[in-house]
Amino acid sequence: MEILFLITIIIVVLAYLNFKDYLYNPSKRPTLNPANDDSKEAEDFRKYEDIYKTKTKEEKIQSSEYGILIALMAKVAGHDGKVCDLERELVSNTIEDIATQITMQSATYQKSEISAILYHIFENTTKSIEELTQEYAALTKGQYKTRLKLIEYLLALAYADGVLEHNEREAILDIAAYLEIENEDFNRLYDEFAQFYAKESKEASLEEAYKILGVSSEDSFEEIKKAYKTLIKEYHPDILHHKGLEESIIKNATTKLQEINVAYELIKKHHKEQQ
Numbered sequence: 003m004e005i006l007f008l009i010t011i012i013i014v015v016l017a018y019l020n021f022k023d024y025l026y027n028p029s030k031r032p033t034l035n036p037a038n039d040d041s042k043e044a045e046d047f048r049k050y051e052d053i054y055k056t057k058t059k060e061e062k063i064q065s066s067e068y069g070i071l072i073a074l075m076a077k078v079a080g081h082d083g084k085v086c087d088l089e090r091e092l093v094s095n096t097i098e099d100i101a102t103q104i105t106m107q108s109a110t111y112q113k114s115e116i117s118a119i120l121y122h123i124f125e126n127t128t129k130s131i132e133e134l135t136q137e138y139a140a141l142t143k144g145q146y147k148t149r150l151k152l153i154e155y156l157l158a159l160a161y162a163d164g165v166l167e168h169n170e171r172e173a174i175l176d177i178a179a180y181l182e183i184e185n186e187d188f189n190r191l192y193d194e195f196a197q198f199y200a201k202e203s204k205e206a207s208l209e210e211a212y213k214i215l216g217v218s219s220e221d222s223f224e225e226i227k228k229a230y231k232t233l234i235k236e237y238h239p240d241i242l243h244h245k246g247l248e249e250s251i252i253k254n255a256t257t258k259l260q261e262i263n264v265a266y267e268l269i270k271k272h273h274k275e276q277q
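So the numbering used here is basically just the index in the sequence shown, starting at one, shifted up by 2.
Derived from the structure by calculation, the hints contain no laboratory data. Do not take every clue at face value.
[Claimed, not checked] In silico lysine-lysine, BS3-like type, Cα no more than 30 angstroms apart, as pairs:
(1) K258 with K84
(2) K258 with K213
(3) K231 with K270
(4) K84 with K228
(5) K227 with K113
(6) K84 with K271
(7) K113 with K57
(8) K59 with K151
(9) K227 with K270
(10) K235 with K271
(11) K274 with K231
(12) K113 with K235
(13) K143 with K129
(14) K113 with K129
(15) K143 with K213
(16) K84 with K274
(17) K57 with K143
(18) K274 with K228
(19) K235 with K84
(20) K84 with K151
(21) K151 with K274
(22) K84 with K227
(23) K213 with K147
(24) K59 with K147
(25) K62 with K143
(26) K151 with K113
(27) K274 with K258
(28) K271 with K231
(29) K62 with K151
(30) K235 with K129
(31) K228 with K270
(32) K271 with K227
(33) K147 with K62
(34) K62 with K113
(35) K231 with K213
(36) K227 with K213
(37) K113 with K231
(38) K84 with K113
Turn these sequences into a full structure, and let the hints steer you where they fit.
Here you go:
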């Protein structure tokens with residue numbers, strides 16, 4: 003027993019001395035030298051290091067959940083060949099939200115710089131819907147509600163002009179399929195939007211339109227447009243802070259947005275006729 007105890011003490015002492023030597027002599031530690039190592043591990047390390055070092059801010063944002071969201075918005079908003087005023091405002095407000103969020107998360111980013119990058123992504127997206135959605139799916143594994151919220155938001159964006167064009171519908175269907183959205187959930191959202199916009203709505207009078215925007219017939223069109231943008235900013239769907247599907251975009255933001263947009267279009271048409 004005494005011999006066993008002695009052996010144990012010797013092992014502990016040797017381990018301690020080796021560990022002490024390891025700590026105080028970094029040069030003796032085993033190292034990976036990617037420059038001279040031809041192993042697969044070294045090659046993987048070199049690739050990772052190169053990507054990390056050479057990626058620009060735009061490339062980092064472009065490959066993030068935020069960047070992909072903006073790119074998908076571009077695909078849907080421009081799929082019918084035109085972007086209406088309300089779509090532009092929704093995009094603008096979402097970009098502002100994202101720029102604020104990124105700036106809060108990192109002190110190395112300036113909001114104006116981030117906004118410029120996001121607008122550039124929106125205007126110059128070259129990837130296909132399939133590529134973008136697969137990248138978004140990889141970043142949102144296990145986040146089904148986030149994916150569903152995206153589909154709801156894209157439907158609201160596509161319906162901004164009051165009509166869901168065939169190309170827009172096909173684009174959103176593809177995105178939903180790649181994100182593995184359940185048919186029941188997609189059909190529920192799709193039917194709610196279709197029923198909402200299929201309802202016959204009374205065309206607001208000019209007087210009612212001014213009231214909705216909180217302006218008067220004496221105001222200049224620039225003042226009216228400014229009021230319109232302020233309202234859109236206030237009621238635009240919140241895609242970043244996932245408040246829960248019970249707070250439906252249709253029941254809240256979309257209803258108000260449609261009312262605001264109809265009023266603005268009516269006043270804009272009146273001003274054109276006056277000119």
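Do the hints match the structure? See the list:
no.: 1; hint: K258 with K84; in the structure: holds (22 angstroms)
no.: 2; hint: K258 with K213; in the structure: holds (13 angstroms)
no.: 3; hint: K231 with K270; in the structure: holds (14 angstroms)
no.: 4; hint: K84 with K228; in the structure: holds (22 angstroms)
no.: 5; hint: K227 with K113; in the structure: holds (24 angstroms)
no.: 6; hint: K84 with K271; in the structure: holds (18 angstroms)
no.: 7; hint: K113 with K57; in the structure: holds (19 angstroms)
no.: 8; hint: K59 with K151; in the structure: holds (27 angstroms)
no.: 9; hint: K227 with K270; in the structure: holds (9 angstroms)
no.: 10; hint: K235 with K271; in the structure: holds (22 angstroms)
no.: 11; hint: K274 with K231; in the structure: holds (19 angstroms)
no.: 12; hint: K113 with K235; in the structure: holds (17 angstroms)
no.: 13; hint: K143 with K129; in the structure: holds (21 angstroms)
no.: 14; hint: K113 with K129; in the structure: holds (25 angstroms)
no.: 15; hint: K143 with K213; in the structure: violated (45 angstroms)
no.: 16; hint: K84 with K274; in the structure: holds (20 angstroms)
no.: 17; hint: K57 with K143; in the structure: holds (24 angstroms)
no.: 18; hint: K274 with K228; in the structure: holds (17 angstroms)
no.: 19; hint: K235 with K84; in the structure: holds (21 angstroms)
no.: 20; hint: K84 with K151; in the structure: holds (24 angstroms)
no.: 21; hint: K151 with K274; in the structure: violated (37 angstroms)
no.: 22; hint: K84 with K227; in the structure: holds (20 angstroms)
no.: 23; hint: K213 with K147; in the structure: violated (37 angstroms)
no.: 24; hint: K59 with K147; in the structure: holds (28 angstroms)
no.: 25; hint: K62 with K143; in the structure: holds (19 angstroms)
no.: 26; hint: K151 with K113; in the structure: holds (25 angstroms)
no.: 27; hint: K274 with K258; in the structure: holds (24 angstroms)
no.: 28; hint: K271 with K231; in the structure: holds (17 angstroms)
no.: 29; hint: K62 with K151; in the structure: holds (23 angstroms)
no.: 30; hint: K235 with K129; in the structure: holds (29 angstroms)
no.: 31; hint: K228 with K270; in the structure: holds (13 angstroms)
no.: 32; hint: K271 with K227; in the structure: holds (13 angstroms)
no.: 33; hint: K147 with K62; in the structure: holds (24 angstroms)
no.: 34; hint: K62 with K113; in the structure: holds (15 angstroms)
no.: 35; hint: K231 with K213; in the structure: holds (15 angstroms)
no.: 36; hint: K227 with K213; in the structure: holds (14 angstroms)
no.: 37; hint: K113 with K231; in the structure: holds (20 angstroms)
no.: 38; hint: K84 with K113; in the structure: holds (28 angstroms)
Of the numbered hints given earlier, the model fails hints 15, 21, 23; all others are met.
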